[in-house]
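Undergrad: If you want the building blocks of each chain, they are given just below.
Number of protein chains: 2
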Amino acid sequence: MERIESIKNKKIKSWKKLLTKKGRQKSQKYIIEGFHLVEEAIKADVQIDYLLISENLNQDDWLKNITVESIELSEEVSAELSDTETPQGIYAILPFPEPINYKEIDRPYLFLDAVQDPGNVGTLIRSADAAGFGGVVLGEGSADLFNPKTLRSAQGSHFHLNIYHGDLISWIRRFQSEEKIVYGTALDERAVSYIGEKPETNFALIVGNEGAGVNSEVLKETDKNLYIPIKGQAESLNVAIAASILMFSLYQ
Amino acid sequence: MERIESIKNKKIKSWKKLLTKKGRQKSQKYIIEGFHLVEEAIKADVQIDYLLISENLNQDDWLKNITVESIELSEEVSAELSDTETPQGIYAILPFPEPINYKEIDRPYLFLDAVQDPGNVGTLIRSADAAGFGGVVLGEGSADLFNPKTLRSAQGSHFHLNIYHGDLISWIRRFQSEEKIVYGTALDERAVSYIGEKPETNFALIVGNEGAGVNSEVLKETDKNLYIPIKGQAESLNVAIAASILMFSLYQ
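Chains A and B are the protein sequences, given in the same order.
With the numbering used here, letter number 44 in the first sequence gets 53, and the count goes up by one each step, no holes.
With the numbering used here, letter number 185 in the second sequence gets 194, and the count goes up by one each step, no holes.
Just chain A, same shape as in the assembly (with noise of 0.2 Å):
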């Protein structure tokens, strides 16, 4: 097996540019860590460009029937890759998966307006995949897919879906079209109470940016918009809790 013990190795310098978004864009390529991503990206059958070990890994079992190329990593080299304060020491490089192409709507959809923290975006689409959803649109201004953060929130449920970057305009109108009933969600006049909505089998729900909602243009072309009524003196919930209560009331 390779070993690479220099953080100045070209290779390690390449892969170091994958923590940032504009590495990723220019590569096509990502970086996942920690063992529970990467078994999923095994368990998913992605394409996986190389495995990488920390010389200090206590290796599972799984790991050692694996037949993707495996690179070694001094201690040091394997902290210069990761996002976390306590590094796992497995990472894989992955190539950016195909831009999938529009598929039959046969599950409800959830539609991303701006979601910026990457940790929220991670946890929709976990909660996404958890509720039986078919898919995801990220639209413009939610957080990269591909950010670490995300990808850890997300726990491998970016692997599991349809995932789709575009606009949430256009999504709306395409889902109209067949006649799915589009779901926005907003604090005011505009929206009614989910309880006592009748769970759907097909449709999209739209949540929007942590601090201003769904931008006002998208609720307009929306079919209805739904609010969750507060109880207590919060002022609001966090998107990715609002967005998987309503994920799970209105999809059973």
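Hints may contain errors.
Since the list gives no way to pick out one identical chain from another, each pair is judged satisfied if it fits inside one copy or across any two copies.
[Said to hold, decoys possible] Under the rule of at most 25 Å between Cα atoms (straight-line distance), these lysine-lysine pairs were calculated in the BS3-like manner:
no., residue 1, residue 2
1, Lys73, Lys31
2, Lys73, Lys35
3, Lys26, Lys38
4, Lys35, Lys22
5, Lys207, Lys240
In case anyone wonders, no lab produced these hints; they're calculated from the structure.
All figures in this text were calculated on a predicted structure; none of them were measured in a lab.
Assemble chain B onto chain A, guided by the hints.
TA: Relative to chain A, chain B alone:
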């Protein structure tokens, strides 16, 4: 107004220690950061020892009418006290709240069993507030309430709820002695789906550690254990997401 320009100033040194649990325990004080939290503290009418304002802060009108002792900080000193990468430049130093006596249970409570991530604990407190819960009990092994990340995620909801620290088994017995139902959460055959569970007006809901879930000794003491059916390929939900789905579903 007093002004501090040196990070070696004694007050700054002592307040910087409030970013650690040890420092907070020793002085029985904590620090809050950002407009929203400071405004919530003022609204909640809690004791504030000092209000700290960066020299560059664009002061909102409400801030000018505050009678709390204010100190101006140079930008460098302000950054020294911040737990964030982009400090807003406003802080307050607060004494720990007095321990609250056991109050009558007139609303549901959320119990946390070793929820380790401060962001999760904070989001759980915010969601419990939004759901109309009366309080949160932090069991052993849970993240510190006064950790800056907990407070940031809670968005001031810790000012609105009764928050206790305590042994969960004792709390379960206390609720049961008053004939309130206690729900655990589990992912296996010890649990039933939450769907169709009739909303209750007074109960306790227990959620657990991010990896291990609720301790099995605790689950033995509950009246009923619930789970959320997962429909996709995700292995689980984030604990704050799962708890929020249950809180909003059980208490309407």
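Undergrad: For every hint, state whether the structure bears it out.
TA: Hints, one by one, checked against the model:
1. In this assembly of identical chains, the alpha carbons of Lys73 and Lys31 never lie at most 25 Å apart, being 33 Å within a copy and 42 Å across copies at closest.
2. Neither within a single protomer nor between protomers do Lys73 and Lys35 lie at most 25 Å apart by alpha-carbon distance, with minima of 32 Å and 48 Å respectively.
3. For a Cα distance limit of 25 Å, the shortest separation of Lys26 from Lys38 inside one copy, 10 Å, qualifies, whereas the shortest one across copies, 41 Å, does not.
4. With identical chains, the CA atoms of Lys35 and Lys22 are at most 25 Å apart within one copy only, with a shortest distance of 14 Å there and 44 Å across copies.
5. In this assembly of identical chains, Lys207 and Lys240 lie within 25 Å of each other by CA distance both inside one copy and across copies; the values are 22 Å within and 18 Å between.
Hint compliance for this structure: hints 1 and 2 are not met, and every other hint is.
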